[in-house]
Amino acid sequence: MDIVVCVKQVPLTAEAEVMVDDTGRDIKKERLVFDVNEADNYAVEEALLLTEKFGGTITLVTMGPESADKTIRSLLAKGTHEAVRLTDEHFAQSDAFATAKTLAGALKTIKFDLVLTGCYASDDGYSQVGATLAELLELPHATMVTGLQILDGKAKIERELEGGTHELLEIELPAVLTIQTGINEPRYASILGLRKAMKKPIKVMSLKDLGLTENEVGRAGSKTILERLSVPPKGEGAQILEGAPEEVSTKLAEIFRERGVV
Amino acid sequence: MKEILVLAEHRMGELRDVTLEMLSKGRELAQALDAQLVAGLLGRDVAVFSETLKKWAHQVLVVDDSKLENFNADAYQKVLGDIIKKRQPGLTMIGHTSFGVDLAPPLATQLGIPLITDCVDIQLKDGAPLATRQVYGGKLISEVSFVGTPCMVTLRQGAFPVEESDLKGKIAAVDSPLTEEITCRKFLQYVEAVVGDVDITQADIIVSVGRGIREEKNMPIVEGLAEAMGGVLACSRPITDSGWLSSDRQVGQSGRTVKPKVYVAVGISGAFQHITGMSGAETIVAINRDPNAPIFSVAHYGIVGDLFQVVPALTEKIAEAKEN
Ligand SMILES: Cc1cc2nc3c(=O)[nH]c(=O)nc-3n(C[C@H](O)[C@H](O)[C@H](O)COP(=O)(O)OP(=O)(O)OC[C@H]3O[C@@H](n4cnc5c(N)ncnc54)[C@H](O)[C@@H]3O)c2cc1C
Numbered sequence: 001m002d003i004v005v006c007v008k009q010v011p012l013t014a015e016a017e018v019m020v021d022d023t024g025r026d027i028k029k030e031r032l033v034f035d036v037n038e039a040d041n042y043a044v045e046e047a048l049l050l051t052e053k054f055g056g057t058i059t060l061v062t063m064g065p066e067s068a069d070k071t072i073r074s075l076l077a078k079g080t081h082e083a084v085r086l087t088d089e090h091f092a093q094s095d096a097f098a099t100a101k102t103l104a105g106a107l108k109t110i111k112f113d114l115v116l117t118g119c120y121a122s123d124d125g126y127s128q129v130g131a132t133l134a135e136l137l138e139l140p141h142a143t144m145v146t147g148l149q150i151l152d153g154k155a156k157i158e159r160e161l162e163g164g165t166h167e168l169l170e171i172e173l174p175a176v177l178t179i180q181t182g183i184n185e186p187r188y189a190s191i192l193g194l195r196k197a198m199k200k201p202i203k204v205m206s207l208k209d210l211g212l213t214e215n216e217v218g219r220a221g222s223k224t225i226l227e228r229l230s231v232p233p234k235g236e237g238a239q240i241l242e243g244a245p246e247e248v249s250t251k252l253a254e255i256f257r258e259r260g261v262v
Numbered sequence: 001m002k003e004i005l006v007l008a009e010h011r012m013g014e015l016r017d018v019t020l021e022m023l024s025k026g027r028e029l030a031q032a033l034d035a036q037l038v039a040g041l042l043g044r045d046v047a048v049f050s051e052t053l054k055k056w057a058h059q060v061l062v063v064d065d066s067k068l069e070n071f072n073a074d075a076y077q078k079v080l081g082d083i084i085k086k087r088q089p090g091l092t093m094i095g096h097t098s099f100g101v102d103l104a105p106p107l108a109t110q111l112g113i114p115l116i117t118d119c120v121d122i123q124l125k126d127g128a129p130l131a132t133r134q135v136y137g138g139k140l141i142s143e144v145s146f147v148g149t150p151c152m153v154t155l156r157q158g159a160f161p162v163e164e165s166d167l168k169g170k171i172a173a174v175d176s177p178l179t180e181e182i183t184c185r186k187f188l189q190y191v192e193a194v195v196g197d198v199d200i201t202q203a204d205i206i207v208s209v210g211r212g213i214r215e216e217k218n219m220p221i222v223e224g225l226a227e228a229m230g231g232v233l234a235c236s237r238p239i240t241d242s243g244w245l246s247s248d249r250q251v252g253q254s255g256r257t258v259k260p261k262v263y264v265a266v267g268i269s270g271a272f273q274h275i276t277g278m279s280g281a282e283t284i285v286a287i288n289r290d291p292n293a294p295i296f297s298v299a300h301y302g303i304v305g306d307l308f309q310v311v312p313a314l315t316e317k318i319a320e321a322k323e324n
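In order, the protein sequences belong to chains Z and S.
Under the working numbering, the first residue of the first sequence is numbered 1, with each subsequent residue one higher.
Under the working numbering, the first residue of the second sequence is numbered 1, with each subsequent residue one higher.
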């Protein structure tokens, strides 16, 4: 079973200060650490589990700058086989649709039985690329997949709905599935794997390799435009208790006591 | 813009909250644009919902077909696609739900129209819709415009208040264009959430732990606080994803909604998908070392600090307070 996994490198912002740059449309990237998008990491693990069971190769596809190679290598180190990076100045400012269009161009040059992506990117959070890609490739799809079983030519899928409810469905292959976190336990790369991955080639494709025109990609090919990024207004917010751990704990314990909590 | 179309979402015999949220926002936009607000209702034996929907829409289009009994993105795409092609609504609204996320991207792609997902607001700028979204886990806000109309949005659940309405809309039946069952994708069944030994939705006091705890071996630190407070332990999604607590302990959109007297969030950043499950708590306390963590904007009390220092100290003080 040959699998393509579309992955994206994202900045890790859970603990970082995120600042808007001078264009007002992007963030300052200098001090941020980048890694694979969380849900994509689960998609890669799912692909590894499937090829361990059924054989076949895993091709990683990413659209991004050369600096994404570090993330790609960390995923090659886990045992994925091939990697393609889509890089071209014309790809700049792609929205989710233009991104899917570019990925679709690359996927038309690769043989596969299944396409996996993460269901959500932790930076822009559109949850749009995977299902758009499916439509462009004219393939069946299912998003937010939390369980996957392959049975001759079909996949039995568990999808996450709200509030802890799930649905089970059956879908014909080839298909595009977007993977939700928690579906498996992503492995860590070994030192040996990392060393091997340093030597693996990463194939670079640009606009001319994808059979697309300038007008179909990047900002020109986008259907939406990011106008402005800003820091949300602070609002009322929490009353911050100040002091050393001992001191703030005493204050909070007192508040709990006043409210009859303890 | 002559018309705004809202897709009514329902599941297992119930209209989902996001439907009236969207119609409330839709009515506001329709008023400003002097447009008609139309609700699209797809399903089997769904007439009961049209009675509710007609209060919030000028018109309710009902497509009743046994092939639409359970949500199937492919079937919905065909039916809704036909309706949109025929009526050309300037704006189509779909919930940013598991259903909507499965349906809207292929539908917009098929129609060749722009889509902006997970909107928390839609404003009008020179008569054209402008979407507001949250990005980077809620640390920034983005404003996104459409390249031309017609266009489509998915709206975040819980982001739009439901306004009372009595529009007395007309109900119109529409023939289903589905001639045969969709075969490439088949719905099998729903699997409902499991209830474990502890029901966090019934708890008065909750200590909730997030990725800040780092490793499973650190869990006793928060267990100790929960015990000292006489509460139960809950968590954010990464903790259940890692298998450190069972899924019935997860708070948020894909977990449980809780309304305890006190909710102590430890090492939780406050992503919207988490906040939506706990913002109704009476008193919210956040312990986080990042002063910019979005959790502080919903918390009533905050401690900016290292949980590995604060939580043990707090556990001790609470134990002392109990003794006195
Ligand atoms: C469709 C969908 C559904 C989802 N459903 C849910 C859901 O139901 N519930 C849910 O919770 N999430 C849900 N999520 C995930 C959600 O988007 C966030 O990824 C998740 O809530 C983040 O969890 P967290 O705050 O624990 O981790 P992070 O965002 O990584 O935050 C960790 C926090 O810990 C702090 N921290 C780290 N170390 C320390 C320390 N030593 N002391 C103090 N603080 C520290 C950091 O500053 C940071 O703020 C969903 C996502 C999607 C796409």
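There could be a bad hint or two in this list.
Straight-line C-alpha distance at most 30 angstroms; calculated DSSO-like pairs for lysine-lysine [unchecked claim]:
#, chain 1, residue 1, chain 2, residue 2
1, S, K67, Z, K251
2, S, K186, Z, K251
3, Z, K154, S, K186
4, S, K186, Z, K53
5, Z, K156, S, K67
6, Z, K111, S, K186
7, Z, K234, S, K186
Some chain S residues flagged as far from chain Z (calculated, every beta-carbon gap over 10 angstroms) [stated by the list, open to error]:
#, residue
8, E51
9, Q88
10, I122
11, G137
12, A159
13, A193
14, E316
15, E320
Because the hints were derived from the structure by calculation, they are not lab data.
For glycine and all other residues, C-beta sits at the position ideal for the given N, C-alpha and C.
According to the definition I'm using, a residue is off the interface if its beta carbon is farther than 10 angstroms from all beta carbons of the partner; does S:E320 meet that for chain Z? violated, 7 angstroms
Given the hinted pair S:K67 and Z:K251, is their Cα-Cα distance within 30 angstroms? violated, 60 angstroms
Verify the proposed pairing of S:K186 with Z:K53, using a straight-line Cα cut of 30 angstroms. OK: S:K186 and Z:K53 at ~25 angstroms, within 30 angstroms.
Taking the closest pair, is the beta carbon of S:G137 still more than 10 angstroms from chain Z? Per Cβ check, S:G137 is inside 10 angstroms of chain Z; nearest 6 angstroms; violated.
Would the hint linking Z:K234 and S:K186 be met if the CA-CA limit is 30 angstroms? violated, 46 angstroms
Going by Cβ atoms, does S:E316 stay more than 10 angstroms from chain Z at every point? violated, 7 angstroms
Assertion that S:Q88 lies outside the chain Z interface [Cβ separation over 10 angstroms]: holds, 17 angstroms
With 10 angstroms as the threshold, tell me whether S:A159 passes as away from chain Z on beta-carbon distances. holds, 13 angstroms
Is it the case that S:I122 keeps its Cβ farther than 10 angstroms from each residue Cβ in chain Z? The claim holds: S:I122 sits with its nearest Cβ about 13 angstroms from chain Z, beyond 10 angstroms.
Is the Cα-Cα distance between Z:K156 and S:K67 30 angstroms or less? Within the cut-off at roughly 20 angstroms; holds.
Holds or violated: is the Cβ of S:A193 farther than 10 angstroms from all Cβ atoms of chain Z? Violated, because the least Cβ-Cβ distance between S:A193 and chain Z comes to about 3 angstroms, which does not exceed 10 angstroms.
Check whether the Cα positions of Z:K111 and S:K186 lie no farther apart than 30 angstroms. Roughly 25 angstroms between the alpha carbons, so the hint for Z:K111 and S:K186 holds.
Of the numbered hints stated above, those contradicted by the structure are hints 1, 2, 7, 11, 13, 14, 15, listed in ascending order.
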